[in-house]
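Student: Full structure from sequences and hints, please.
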Amino acid sequence: MLKTKVFTDGFLGEELICFSHPSGLEVKIIPKKQKKAYALFATHYGSMDNCFKTAEDSDFITVPDGIAHFLEHKMFENEDGTDTFAKFAQNKASANAFTSNEMTAYLFSTTENHYENLETLIELATKPYFTNENVNKEVGIITQEINMYRDDPYYRVWFGLINALYKKSNLKIDIAGTEESIKKITPEILYRCHRSFYNPHNMLLCVCGPYDAEKVSEICDRLIPNIPDPQTQKRYPSEPCGINEKRVSVSLRVAMPLFMAGMKDDSDISSLSPEKRTYRMICHDLISDMLFSKSGEFFNKLYDSGLLNDDFSFGYNLSADYGFLELSGESRDPDKVFKACIEMINDALSDPDKYFNADSFERCKRASYGKAVQNWNTPATICHNLVSCTFNGIGFWGMEKMIANIELEDVKALFLETYKPEMFALSIVEPIK
Numbered sequence: 001m002l003k004t005k006v007f008t009d010g011f012l013g014e015e016l017i018c019f020s021h022p023s024g025l026e027v028k029i030i031p032k033k034q035k036k037a038y039a040l041f042a043t044h045y046g047s048m049d050n051c052f053k054t055a056e057d058s059d060f061i062t063v064p065d066g067i068a069h070f071l072e073h074k075m076f077e078n079e080d081g082t083d084t085f086a087k088f089a090q091n092k093a094s095a096n097a098f099t100s101n102e103m104t105a106y107l108f109s110t111t112e113n114h115y116e117n118l119e120t121l122i123e124l125a126t127k128p129y130f131t132n133e134n135v136n137k138e139v140g141i142i143t144q145e146i147n148m149y150r151d152d153p154y155y156r157v158w159f160g161l162i163n164a165l166y167k168k169s170n171l172k173i174d175i176a177g178t179e180e181s182i183k184k185i186t187p188e189i190l191y192r193c194h195r196s197f198y199n200p201h202n203m204l205l206c207v208c209g210p211y212d213a214e215k216v217s218e219i220c221d222r223l224i225p226n227i228p229d230p231q232t233q234k235r236y237p238s239e240p241c242g243i244n245e246k247r248v249s250v251s252l253r254v255a256m257p258l259f260m261a262g263m264k265d266d267s268d269i270s271s272l273s274p275e276k277r278t279y280r281m282i283c284h285d286l287i288s289d290m291l292f293s294k295s296g297e298f299f300n301k302l303y304d305s306g307l308l309n310d311d312f313s314f315g316y317n318l319s320a321d322y323g324f325l326e327l328s329g330e331s332r333d334p335d336k337v338f339k340a341c342i343e344m345i346n347d348a349l350s351d352p353d354k355y356f357n358a359d360s361f362e363r364c365k366r367a368s369y370g371k372a373v374q375n376w377n378t379p380a381t382i383c384h385n386l387v388s389c390t391f392n393g394i395g396f397w398g399m400e401k402m403i404a405n406i407e408l409e410d411v412k413a414l415f416l417e418t419y420k421p422e423m424f425a426l427s428i429v430e431p432i433k
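Take 1 as the starting number for the sequence shown in the numbering used here and just add one per residue.
Worth double-checking, as some hints may not be accurate.
Using 30 Å as the maximum straight-line C-alpha spacing, the simulated DSSO-like pairs for lysine-lysine come out as follows [stated by the list, open to error]: (1) Lys127 <-> Lys137; (2) Lys92 <-> Lys215; (3) Lys137 <-> Lys276; (4) Lys301 <-> Lys365; (5) Lys276 <-> Lys294; (6) Lys53 <-> Lys74; (7) Lys246 <-> Lys127.
Pair ranges (Cβ atoms, derived) [claimed, not checked]: (8) Leu416 <-> Gln90: 31 to 39 Å; (9) Ala55 <-> Ser313: 16 to 24 Å; (10) Lys371 <-> Ser58: 42 to 50 Å; (11) Arg363 <-> Leu12: 37 to 45 Å; (12) Asn377 <-> Ser58: 47 to 55 Å; (13) Asp351 <-> Ser58: 56 to 64 Å; (14) Lys401 <-> Lys294: 25 to 33 Å; (15) Gln231 <-> Lys401: 30 to 38 Å; (16) Lys401 <-> Tyr155: 30 to 38 Å; (17) Gln90 <-> Ile141: 30 to 38 Å; (18) Ile141 <-> Leu252: 41 to 49 Å.
No wet-lab data here; the hints were simulated from the structure.
Values in this document were obtained by computation on a predicted structure and should not be read as measured data.
Built from N, CA and C at the ideal position, the CB exists for glycine as well.
Tutor: Next comes the structure, spelled out in structure tokens:
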């Protein structure tokens, strides 16, 4: 008999079924009485994880940058020459994959053949096939992708901010690697990374739709390899306090300058419990909304002066190990926008009640609550949020209840603790002159 943990939310009418498969794989199921289904099979392995060791290794090894992304590409190639994308298409599913800083994920969405597609998804991630020939071929393909990113102004402005905020963090590693690093990738290294990270003990399967837990478990019994936990340990460079650079810029073919300003959170986030980390993320979202929302004074003042347009956006990024604020948009003078931002932060630090009042707090809190409820609207959003939050030690289930209990004084205290003008940096993509 399958042993599951079932969580129910009477207010939202949602149900979450969790179980640990004997292989070590964690499975999360959100049953929905609908045709549309979404599945995401992910490993807690991303571009940051370039230094690691297993229980069998005497010491840590360092692998070429970009290998997690390279591995993602190669998992779609099969020894018998079949095309995994074609197999999904035959079963009326749309499939994809992605690599981020912390994870690699394989996914599909469908309205038919739910269990057949789930079998294909699991086989995709658990049956590697690498040869010198297909690896060398992939080097050329990914080199083209790297060159494409070099010409992407939105990617360049984001990567510029990361390099400005951080001195040694592996966040600075390009997800695709470099032309030089990917040339060092071999089938042997790929197989080693697959054994170390594509292990059920390091993976999570999340499905949303008309799925039955017993049937999902039966598929896992047949297809998930029951192999020992390699006990993989990751090692990252120690990130010093402070930012790396105050301002960075690059020239590309853009009509108007793009900018991304950000603030590095120097707090010891990794020491926080999942509950405290979740609470912190919600508070930071409320802080940024109270300061930078399009209904606020900061945006409207700069909008009226022609320094900002409707493309302005903001958000706080939080993982198990790092956190940073980002503000992005187009501006004829990004330096003036940045100066206005720092002036507002200094003003808020000297007079927090001016910016963090009860009316603004309640408005932003209701908006945050609404967004949390909306996160349950689509199977794709549910799966992505559940997996991302699990890997980053953040609670997704019941987040809306935590938002309801947030107090204004907690938000204000976190602002005073973490917002420091010296921790802000600016990245700009300027038009070629």
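Student: Now tell me, hint by hint, if it's right for this structure.
Tutor: Hints and how they fare:
Of the pairs offered as hints, the one joining lysine 127 and lysine 137 holds, with about 19 Å between alpha carbons and a cut-off of 30 Å not exceeded. A distance of roughly 20 Å separates the Cα atoms of lysine 92 and lysine 215; the hinted pair therefore holds under the 30 Å criterion. For the proposed pair lysine 137 and lysine 276, the alpha carbon gap of about 46 Å is over 30 Å, so the pair is violated. The suggested pairing of lysine 301 with lysine 365 holds, with an alpha-carbon distance near 23 Å, which does not exceed 30 Å.
Pair hint lysine 276 plus lysine 294 holds up; C-alpha atoms about 28 Å apart against a cutoff of 30 Å. In summary, the hint linking lysine 53 to lysine 74 is supported, as the alpha carbons are separated by about 22 Å, within the 30 Å threshold. Taken as a hint, the lysine 246 and lysine 127 pair is broken in the structure, with Cα atoms around 46 Å apart against an allowance of 30 Å. For the pair leucine 416 and glutamine 90, the supplied restraint of 31 to 39 Å is violated, since their beta-carbon distance comes to about 58 Å.
Here the CB-CB span from alanine 55 to serine 313 is close to 44 Å, at odds with the stated 16 to 24 Å. Checking the proposed 42 to 50 Å range against lysine 371 and serine 58 shows it holds: the Cβ atoms sit about 48 Å from each other. At roughly 22 Å, the beta carbons of arginine 363 and leucine 12 sit outside the given window of 37 to 45 Å. A hinted range of 47 to 55 Å for the beta carbons of asparagine 377 and serine 58 is consistent with their spacing of about 50 Å.
Between aspartate 351 and serine 58 the Cβ separation comes to about 58 Å, which falls inside the hinted range of 56 to 64 Å. Between lysine 401 and lysine 294 the beta carbon distance is about 27 Å. The supplied range of 25 to 33 Å therefore holds. Evaluation of the 30 to 38 Å hint for glutamine 231 and lysine 401 yields a pass: the beta carbon distance comes to about 36 Å. The hinted window of 30 to 38 Å between lysine 401 and tyrosine 155 holds, with their beta carbons roughly 37 Å apart.
For the pair glutamine 90 and isoleucine 141, the supplied restraint of 30 to 38 Å is violated, since their beta-carbon distance comes to about 24 Å. Take isoleucine 141 and leucine 252: their Cβ atoms lie about 23 Å apart, and the range 41 to 49 Å is violated.
The structure fails to meet hints 3, 7, 8, 9, 11, 17 and 18 from the earlier list, while all remaining hints are met.
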